[in-house]
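**Q** Top line first, the protein sequences correspond to chains U and G.
Just remember that this note's numbering sits 23 ahead of the position in the first sequence, which is counted from 1.
Just remember that this note's numbering sits 4 ahead of the position in the second sequence, which is counted from 1.
If you're looking for bench data, these hints aren't it; they were derived computationally from the structure.
Note that CB positions come from ideal geometry on N, CA and C, so glycine has one too.
Take the hints with a grain of salt, since some may be wrong.
Selected chain G positions facing chain U (Cβ under 7 Å, derived; list incomplete) [said to hold, decoys possible]:
#	residue
1	His14
2	Val15
3	Ser16
4	Leu22
5	Phe38
6	Pro44
7	Gln46
8	Lys53
9	Ala57
10	Ile101
11	Trp103
12	Phe111
So the derived label-pair ranges between C-beta atoms look like this [stated by the list, open to error]:
#	chain 1	residue 1	chain 2	residue 2	range
13	G	Ser32	U	Gly63	22 to 32 Å
14	U	Lys88	G	Ser118	36 to 46 Å
15	U	Ser134	G	Pro83	38 to 48 Å
16	U	Arg132	G	Pro34	29 to 39 Å
17	U	Asn107	G	Asn104	23 to 33 Å
18	G	Asn104	U	Gly63	38 to 48 Å
19	U	Asn51	G	Tyr43	21 to 31 Å
20	G	Pro34	U	Gly86	30 to 40 Å
Listed below are the residues making up each chain.
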Amino acid sequence: EAQVTQNPRYLITVTGKKLTVTCSQNMNHEYMSWYRQDPGLGLRQIYYSMNVEVTDKGDVPEGYKVSRKEKRNFPLILESPSPNQTSLYFCASSLGRVDQPQHFGDGTRLSIL
Amino acid sequence: AQSVTQLGSHVSVSEGALVLLRCNYSSSVPPYLFWYVQYPNQGLQLLLKYTSAATLVKGINGFEAEFKKSETSFHLTKPSAHMSDAAEYFCAVSDLISWNQGGKLIFGQGTELSVKP
Numbered sequence: 024e025a026q027v028t029q030n031p032r033y034l035i036t037v038t039g040k041k042l043t044v045t046c047s048q049n050m051n052h053e054y055m056s057w058y059r060q061d062p063g064l065g066l067r068q069i070y071y072s073m074n075v076e077v078t079d080k081g082d083v084p085e086g087y088k089v090s091r092k093e094k095r096n097f098p099l100i101l102e103s104p105s106p107n108q109t110s111l112y113f114c115a116s117s118l119g120r121v122d123q124p125q126h127f128g129d130g131t132r133l134s135i136l
Numbered sequence: 005a006q007s008v009t010q011l012g013s014h015v016s017v018s019e020g021a022l023v024l025l026r027c028n029y030s031s032s033v034p035p036y037l038f039w040y041v042q043y044p045n046q047g048l049q050l051l052l053k054y055t056s057a058a059t060l061v062k063g064i065n066g067f068e069a070e071f072k073k074s075e076t077s078f079h080l081t082k083p084s085a086h087m088s089d090a091a092e093y094f095c096a097v098s099d100l101i102s103w104n105q106g107g108k109l110i111f112g113q114g115t116e117l118s119v120k121p
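The following block holds chain G by itself, in its conformation from the complex:
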């Protein structure tokens, strides 16, 4: 069955430091991968998506992620953290199996990012 694992439910970085949020997925067919961000009292906003074109994907707010098939990973990075990046981040996978099971996204448990001044 498809699954998504986000390593670390809480990550804390200093302002200006590298942000690295880890995501590993399990899928027996080619996956489509997404990162979403959730700010307090708001919905999930799409940061970026991998849909089988370039393996390095650039998103909004300076974030990027690299699809590594051999490692079944799709880690999210940002070179320099800003206070406004503090939020919860979700990795999600979709594939033809989950699409035929209702089109649902399979989400990880989320990683809460804190940014210290």
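This is chain U alone, in the form it adopts within the complex:
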């Protein structure tokens, strides 16, 4: 089954404790992206990757890091999480063309205390 898989689905942690949210897709997609979803603010792009080893900042990159060492994986790293990063996070992938839809994972709900 074609899918984008995120782990963990839920995480409660404390300020400053490094964490990684993994994202993997099995569709051989070139393009991958991370969004965060907050009430009243909709979905905002954090980072994106057009291809392996190519990543760049989205609209809200502060406090986040990513890497794209393999085509299928695009982990999101919070080096020193803070409470304002409490949110619902989505990983997405696509074929890498403007007219192609993005396929989303089921989301990761992070709570930073």
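Using the hints, position chain G against chain U.
**A** Positioned in the frame of chain U, the structure of chain G alone reads:
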């Protein structure tokens, strides 16, 4: 700048009634438009997409949407609502400008659909 406006953050219909969720977009170049549905505790699932072929687009679960360039609209409809349609619906736009700005989708704020028995 590109933007998407969804009129009505909450829409309530009776089971069997017409569903109409409104979406207006702003784009200075030809847009590609998408509707996604989000069920509780799940990700966004693609309902349908407009990519410059037919202006009336049919999607999954009996939904369809019509692209009207003159009105800059892409409203989502379903003739007869079912209880299982209760969810949050997002309209999104992509174009060459947003693609060159990171390939992001520009999302509306979402419309929560409730279906009454």
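**Q** Classify the hint on Phe111/G as holds or violated, based on whether any CB of chain U lies nearer than 7 Å to its CB.
**A** holds (5 Å)
**Q** Given Trp103/G as an interface hint, is its Cβ closer than 7 Å to any Cβ of chain U?
**A** Nearest chain U Cβ about 4 Å off; hint holds.
**Q** Just tell me: holds or violated, for the beta carbon distance of Lys88/U and Ser118/G against 36 to 46 Å?
**A** This hint holds: roughly 39 Å between Cβ atoms.
**Q** May I ask you to test the interface hint for Ile101/G with respect to chain U, counting a Cβ-Cβ separation under 7 Å as satisfied?
**A** violated (9 Å)
**Q** Identify whether the interface hint at Pro44/G stands, where standing means a beta carbon of chain U within less than 7 Å of its own.
**A** violated (11 Å)
**Q** Okay, Asn51/U versus Tyr43/G on CB: inside 21 to 31 Å?
**A** At roughly 27 Å between Cβ atoms, Tyr43/G and Asn51/U fall inside 21 to 31 Å, so the hint holds.
**Q** Given the range 22 to 32 Å, decide if the beta-carbon distance of Ser32/G to Gly63/U lies inside it.
**A** For Gly63/U against Ser32/G, whose Cβ atoms are near 26 Å apart, the range 22 to 32 Å holds.
**Q** Phe38/G was flagged as interface toward chain U. Is the shortest Cβ-Cβ separation under 7 Å?
**A** Interface hint status for Phe38/G: holds (5 Å vs cutoff 7 Å).
**Q** Hint says 23 to 33 Å; check whether the CB-CB distance for Asn107/U and Asn104/G agrees.
**A** holds (29 Å)
**Q** Hint Gln46/G vs chain U: min CB-CB distance below 7 Å?
**A** holds (6 Å)
**Q** Would you settle whether the hint for His14/G is holds or violated, based on the nearest Cβ-Cβ distance to chain U being less than 7 Å?
**A** For His14/G, the interface hint is violated, since the closest Cβ of chain U sits about 13 Å away, which is over 7 Å.
**Q** How about Ser16/G: closest beta carbon in chain U under 7 Å, or not?
**A** violated (19 Å)
Comparing the model with each earlier hint shows violations of hints 1, 2, 3, 4, 6, 9, 10 and 18; every other hint is respected.
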